[in-house]
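Using the hints, position chain W against chain P.
2 protein chains.
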Amino acid sequence: MTSVEEHRARIAALLAPALLVADESDDLPLLDALGRVTSAEVLSPVDLPLFRNSQMDGFAVNSADLGTIPVELPVVGDLPAGPSSPAALIRGTAIRIMTGAVVPDGADCIVPVEDVAVENTDHGGRTVTILRGRSPGEFVRNRASDLAAGDRLLPAGLTLAPRHLAAAAAAGITTIAVRKRVRIAVISTGSELVAPGETTSSGQIFDSNLVALSAAVIEAGAELVLAERSDDEPETFGDILHRATGLADLVITSGGISEGAYEVVREVLEPLGATVGHVAMQPGGPQATALVDGVPVLSFPGNPVSTQVSFVVFARPLLLAAAGTPQVTVNALPAAGDLTSIPGKRQFLRGRVTDDGVEPVSSASSHLVAGMARADLLIDIPAETTMVRAGDNVRVWLL
Amino acid sequence: MTSVEEHRARIAALLAPALLVADESDDLPLLDALGRVTSAEVLSPVDLPLFRNSQMDGFAVNSADLGTIPVELPVVGDLPAGPSSPAALIRGTAIRIMTGAVVPDGADCIVPVEDVAVENTDHGGRTVTILRGRSPGEFVRNRASDLAAGDRLLPAGLTLAPRHLAAAAAAGITTIAVRKRVRIAVISTGSELVAPGETTSSGQIFDSNLVALSAAVIEAGAELVLAERSDDEPETFGDILHRATGLADLVITSGGISEGAYEVVREVLEPLGATVGHVAMQPGGPQATALVDGVPVLSFPGNPVSTQVSFVVFARPLLLAAAGTPQVTVNALPAAGDLTSIPGKRQFLRGRVTDDGVEPVSSASSHLVAGMARADLLIDIPAETTMVRAGDNVRVWLL
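These protein sequence lines are chains P and W, in that order. Take 906 as the starting number for the first sequence in the numbering used here and just add one per residue. Take 906 as the starting number for the second sequence in the numbering used here and just add one per residue.
This is chain P alone, in the form it adopts within the complex (with noise of 0.2 Å):
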């Protein structure tokens, strides 16, 4: 029997030219772009702040007129935030100005509108009297203070989050590259499975293992370009493959694959060279690969559970580096209570944290599909494991 890790291994070596393609890039308008990955640095285009702006509203003055305070000064503008080429201040006067609008050449501070008293004129003008001296560049942002042309916005592997995207926006961009996703097929085997919604009739069974392996696909950034049931005719089988392989990265089956008869999965694919055999693990024994036109295949048994698991187990941590997204956590943590385990197989029992410590929330049968919806995470209890005391700490996946 093959480990759990030289299992993992083998995917991964079957798998690494087809994620690949995770390392090509998608332009995406901003928004599309929430919550995917930069596949490159984004440099900006353009200086920001894009022209030297006022921080207040106030008065635009020149710092060198304010040598004496108080002082009256006329105010011969008005600048409010919008588009407009001001002409430069003249000595001596001042301008009233908005957050944002354009500082004019001549002014080197802005007093705000705090600071002053307006008075009308007898004449239909207007004066300032300044209450407060003002340093050069007081209240003024500065072109390119924030960032200038040509430096590193958002660096590359960046998960874009709202400010990321308003940041590129600041910049004028309108579209990121980020990773491209992984597309991937999901095929669910077995002449037993209806769709959920569907009658049953005696020995059917709800087909729980397409939406399971469909929604883990799309959880884990990939994109699902093909959902389909297949019975247990090979015909059926093949046809759904052959059509899977067209249009995906990577095939992920389930069920079919075991030593008993009517294994649709295994008797199309071993033809095609496929590596079929037994990892020491439960749930998720059996457990095939194979490359069919090109593409690769992961073949998962049909117990629900152990097509679930082996998704965890083998799938999602390849998928999670392939789109650039943090792996989930594998912790240690102390068991609540004394666990029994089988000798020679790496189990992963269904369980929960309670205050003592991981427990498991159902038995170690690979039908309790409802008991998988119980749990918060996998205790992975090693092949040679066949006793762990309470508080010995255990590894743990979270779901």
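Treat the hints as calculated values from the structure; they're not laboratory data. It cannot be assumed that every hint is accurate.
Unchecked claim - Okay, the calculated beta carbon distance ranges per label pair:
no., chain 1, residue 1, chain 2, residue 2, range
1, P, GLU1164, W, PRO988, 19 to 29 Å
2, P, SER930, W, ARG1257, 19 to 29 Å
3, P, GLU1043, W, ASP1144, 35 to 45 Å
As the list claims (entries may be wrong) - Subject to a maximum C-alpha distance of 25 Å in a straight line, what follows is the list of computed DMTMM-like cross-link-like pairs (lysine to aspartate or glutamate):
no., chain 1, residue 1, chain 2, residue 2
4, P, LYS1085, W, GLU929
5, W, LYS1085, W, GLU1128
6, W, LYS1085, W, ASP1261
7, P, LYS1085, W, GLU1124
8, W, LYS1085, W, ASP937
9, W, LYS1085, W, GLU946
10, W, LYS1085, P, GLU1124
11, W, LYS1085, P, ASP937
12, P, LYS1085, P, ASP1198
13, W, LYS1085, W, ASP1198
14, P, LYS1085, P, ASP937
15, W, LYS1085, W, ASP1281
Beta carbons: idealized from backbone N, C-alpha and C, even for Gly.
Then chain W, alone, in the frame of chain P:
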């Protein structure tokens, strides 16, 4: 001046009726419900498993026939997984059975294929020699052993992950009731704003606030129903505002609410009864709230960093609570170096974590939109604090 906490309380009260919409539910197909939050508990409409079935590939027998070992039994049938209504097992016989197939009445255990030897008989039949005894129930999955019809499959308030959708699918469920998204309209204002990708003339800047607020709304689990830019003409803004209140549960605006001239949001909202004032914080001092056409309006100041910080402090916690998803962590962490702060205003510095503690990544000025993009957190310095010493704990809000 109003304190941050007073303004938060005012907004919480203003928004409470609108946010109740999140207590209503949308019925979504399983895959669309991924990442959404259940609005009610989900009961299983069926037993899981639906019927008594085999846990192994092997032979269904009656354990009473295994009194002496080895024992040879005629094989009288073959049960693949899939639709079937098998006849009862006749005592003294065995039926070949695959994992998941219906266990026939009369059989009470499964002998795994590893523990038998199968032989063809002279007259065209087959027999199985069973090499190991089994007790009643071994390798049989009883009906309802995972969950009984009417039992709780998923709790209310659960963020739906693949394993939850899988359990629902296994129970034949096709849609799940999830909390409704709060519908939000965002409006950025300012005659100086142009859309990213357009051409700026002197005095114009690229609008980052519309993208910042749009993305923040989506990230907080709400639905973006309108995102438009207004110049400083009251007619333009008023038109957009009334369209927004017709679509949204909540309207968020940026810009146009300070003491200066050309403050379009204030000009339009004050006659409608808005509360316009100053909150003792930096960035983000000018703040307004209103109820227009019965819809709450939150008006944030227009400096890009002020807009973004206002959303994090005033809107995000309420929206996450309405969505039913966890709050973003607010921690106490040591300052990496001394920090000074102006008296009387609560400061939200843009910062990051280093090995020595948290440190600012840019100066305090609210136009530093690229500086904001470099931050991972806000360092929250109380209004009365003017000095934080290196090593002192400060509150940080993760972005």
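Taking the hints in turn, this is what the structure says about them:
Restraint check, P:GLU1164 to W:PRO988: a C-beta distance of roughly 23 Å satisfies the suggested window 19 to 29 Å. For P:SER930 and W:ARG1257, the Cβ-Cβ distance of about 26 Å falls inside the hinted range of 19 to 29 Å, so the restraint holds. Hint check: P:GLU1043 to W:ASP1144, Cβ distance near 39 Å, so the stated range 35 to 45 Å holds. With a CA separation close to 36 Å, the supplied pair P:LYS1085 and W:GLU929 exceeds the 25 Å bound.
Between the alpha carbons of W:LYS1085 and W:GLU1128 the distance comes to roughly 9 Å, so the proposed pair stays at or under 25 Å and holds. With a C-alpha separation of about 43 Å, the suggested pairing of W:LYS1085 with W:ASP1261 is violated against the 25 Å cut-off. Between the alpha carbons of P:LYS1085 and W:GLU1124 the distance comes to roughly 21 Å, so the proposed pair stays at or under 25 Å and holds. Annotation: proposed proximity of W:LYS1085 to W:ASP937 holds, straight-line Cα distance about 13 Å (limit 25 Å).
A threshold of 25 Å between alpha carbons decides the hint, and for W:LYS1085 with W:GLU946 the separation of about 15 Å falls inside it, so the pair holds. As the CA atoms of W:LYS1085 and P:GLU1124 are separated by approximately 21 Å, the hinted pair is consistent with the 25 Å bound. Under the criterion of a C-alpha separation no larger than 25 Å, the hint pairing W:LYS1085 with P:ASP937 is consistent with the structure, at around 22 Å. Restraint check: the Cα-Cα separation between P:LYS1085 and P:ASP1198 comes to about 22 Å, which is no more than 25 Å; the hinted pair holds.
A distance of roughly 22 Å separates the Cα atoms of W:LYS1085 and W:ASP1198; the hinted pair therefore holds under the 25 Å criterion. At roughly 13 Å between alpha-carbon atoms, P:LYS1085 and P:ASP937 fall within 25 Å of each other, so this suggested pair holds. A distance of roughly 29 Å separates the Cα atoms of W:LYS1085 and W:ASP1281; the hinted pair therefore is violated under the 25 Å criterion.
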